[in-house]
Amino acid sequence: MNNKNKDMTWLKLDNAALIYPATINRKIATMFRFTVTLIDEVDMELLQKALDNIMKRFPTFNYALKEGFFWFYLDLIKDSPKIGQDYQNPLVRINWKDNKNYMFRVRVHHNRIAVEYFHALTDGTGGLTFILTLVGEYIKLKYNINYKYNNLVLNPNDEVLDEEIEDSFLRYAKKSGKMDKEKRAYHIKGIEENANIINIITGKVSISKLKKICTKYNASITEFLTSLILESLEEISKKEINCNKPIKVSVPVNLRKIFNSSTMRNFSSYVNVGIKVDKNGHSFEEIIFEVKRQIKEMTTKKKMTEKISANVNLAKNLLIRIIPLFIKKRIMSLVENRVGDGYVTTTLSNIGLVKLPKEMEQYITDINFILGKSKGKSGSISAVGYQDTLYITFSRKIKEAELERLFFTKLVKMGLEVEIESNR
Amino acid sequence: MYCKNCGVKLDLSLTKCPLCGEKVKNNNSYNSLYSLDIDYLAKDISIMYFAKLIILILFLSTIVTIVCNLAIDKRISWSFYVIFSFLFIASHYFYLSTSKRKVCFIVNTFSLELLLFIIAYLNKGLNWYLYLVGPFILMGSIFILFINFISKFKNILRNISYFLLFVAIILILINGLISLYMVNKFILNWSYYSLISLVVVASILFGLSFNKKCMTEVEKRLFI
Ligand SMILES: [Zn+2]
Chain A
4 MNNKNKDMTW
14 LKLDNAALIY
24 PATINRKIAT
34 MFRFTVTLID
44 EVDMELLQKA
54 LDNIMKRFPT
64 FNYALKEGFF
74 WFYLDLIKDS
84 PKIGQDYQNP
94 LVRINWKDNK
104 NYMFRVRVHH
114 NRIAVEYFHA
124 LTDGTGGLTF
134 ILTLVGEYIK
144 LKYNINYKYN
154 NLVLNPNDEV
164 LDEEIEDSFL
174 RYAKKSGKMD
184 KEKRAYHIKG
194 IEENANIINI
204 ITGKVSISKL
214 KKICTKYNAS
224 ITEFLTSLIL
234 ESLEEISKKE
244 INCNKPIKVS
254 VPVNLRKIFN
264 SSTMRNFSSY
274 VNVGIKVDKN
284 GHSFEEIIFE
294 VKRQIKEMTT
304 KKKMTEKISA
314 NVNLAKNLLI
324 RIIPLFIKKR
334 IMSLVENRVG
344 DGYVTTTLSN
354 IGLVKLPKEM
364 EQYITDINFI
374 LGKSKGKSGS
384 ISAVGYQDTL
394 YITFSRKIKE
404 AELERLFFTK
414 LVKMGLEVEI
424 ESNR
Chain B
346 MYCKNCGVKL
356 DLSLTKCPLC
366 GEKVKNNNSY
376 NSLYSLDIDY
386 LAKDISIMYF
396 AKLIILILFL
406 STIVTIVCNL
416 AIDKRISWSF
426 YVIFSFLFIA
436 SHYFYLSTSK
446 RKVCFIVNTF
456 SLELLLFIIA
466 YLNKGLNWYL
476 YLVGPFILMG
486 SIFILFINFI
496 SKFKNILRNI
506 SYFLLFVAII
516 LILINGLISL
526 YMVNKFILNW
536 SYYSLISLVV
546 VASILFGLSF
556 NKKCMTEVEK
566 RLFI
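Each protein sequence line maps, in turn, to chains A and B. Residue numbers in the first sequence follow this note's numbering, run continuously in steps of one, and reach 427 at the last position. Residue numbers in the second sequence follow this note's numbering, run continuously in steps of one, and reach 569 at the last position.
Hints in this document: simulated from the structure, not taken from any laboratory. Even glycine gets a Cβ: it sits at the ideal position worked out from N, Cα and C. Mixed in with the good hints there might be a few duds.
[As the list claims (entries may be wrong)] Covered stretches of chain A (in silico footprint by chain B; criterion: 3 or more residues with CB under 8 angstroms from a CB of chain B, positions within the stretch not fixed):
#, segment
1, 92-104
2, 232-239
3, 402-414
Construct the complete structure from the given sequences, taking the supplied hints into account.
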């Protein structure tokens, strides 16, 4: 490690993070949250100690978002984060000042530890690694046990690797890139809730039973869930007269699995999977076939390289670079509304199965993953697996829960037992 | 506890099914998952609140002005300007309170017209208002509403032809109004030429807009 020699008092944002600060408005910032539920009431003081212990292992988490003249940048914070209480309505936009300028916050409610992140800081994989390392350290302090660290639970005393703080986009981008052309997608309409309110519904399903159904269709869990969401969305859109926009689900892709990287900053992209609406509708088999084809086609290394190259080259474009930030962020916000949220109906982010050291597992009962509000979409969907339970969480900013109802009743009709939790 | 409509198992803390709204009997009111406290964005200053505050301050200062005016002149004279300026600003409150942008726009156009009318009337400049300012503002607003209306149609060429026709009509009106103001007669002179050329171009575009091949060429090159 030689990053001690580098000037680390400030950093540039990674390529994927560029868009998020520009799209913040008074009410909404792109956020996501992980929660870990333990067997006992959480000891706040001990958790604070654990947090202090692990901060040096995650140097990029110690930065504040600041505005330069041309770009946002990350400024080193000479302080340490404080733990707070959790609320009924999670993922309210972080108020930087109240949060000592940190772009994440740790919150506790009885047995549950929650960490909420602003997306410019890191992506799902980075966020999951951080909370699990924190919980690992806490369990170590509280129950006095030892376990073998893995890729999700890091040893807080290990040296930080250079590649953990790198912007991997820059490493893998090529000279020329290509963006896919897309059409505007269907959006669910509904009555919007008050700005502070987010409606969360989590459905818990057995992974082994779900896998049996997936093998029937020869699909992965992500492919199966995406198809089921598309089928539910098609039913909703059919009730609207003259709806001819395609239905599309944005599925985040962890680029660490395609390229070699262990960065703790953003390194993910997405593919938009969708179906066209026609009068006859689609059978579930047709949708699954289409979803599998599209995911296979779009997640190749070649396609992903084209996509990240296009983004990196756009940020390198001299014309874009010389626009002052106060103009640039307005342009970016407009583009994001049209292109980002405009092209998709909703998002399904499946972080996958969390594998923990055996000694740790006995203290942890549940893990959950929730996506925050976004400007253009009515809601988002996230999934995470732990032991034999898959936690499928819908978060939405509208009152109506029609998509959730259709989706979960479909699972019930397939013979699965679904257990529902909610914040309201 | 299961929801009888949806068939899902409900967490003990739930008193109704969050999917369909069906009430269920759960004696456990303790929610171990979510706190009862609500989080607020501390610096969340509502625009509505601000608008109300500003209107209140302006209202009070208007009252003060009227009182001063009455005390000095024993009648309302110069404070008329203040009153109508206040009403004009207050009418913008509509923009914030409803999501019906078009209604707001129309309300604001009329409040602007009213304000200018009052100023013109008090200055005995009605001629100037009736022939120039009033109609021009009205035409501008109708023009914006018209653009808003035709932008809903997909066919670019046809939209441009409608647009050109509308411009032609406006040019005729401008020509006529100026002559009304100058010589008190509705005379058209230069607008004939613009009318003819605009109508010719508009009808060519209108005709072409039915040609599919031509349309795709145009869309390919002109999409935004
Ligand atoms: Zn129900």
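Cross-check of the supplied hints:
Check result for the segment 92-104 of chain A against chain B: holds, 7 residues qualifying (beta carbon to beta carbon below 8 angstroms, three or more required). Counting residues of the segment 232-239 of chain A whose beta carbon lies closer than 8 angstroms to any beta carbon of chain B gives 0, which falls short of the minimum of three for the stated coverage. For the segment 402-414 of chain A, the proposed coverage by chain B is satisfied: 5 residues have a C-beta within less than 8 angstroms of a C-beta in that chain, meeting the threshold of three.
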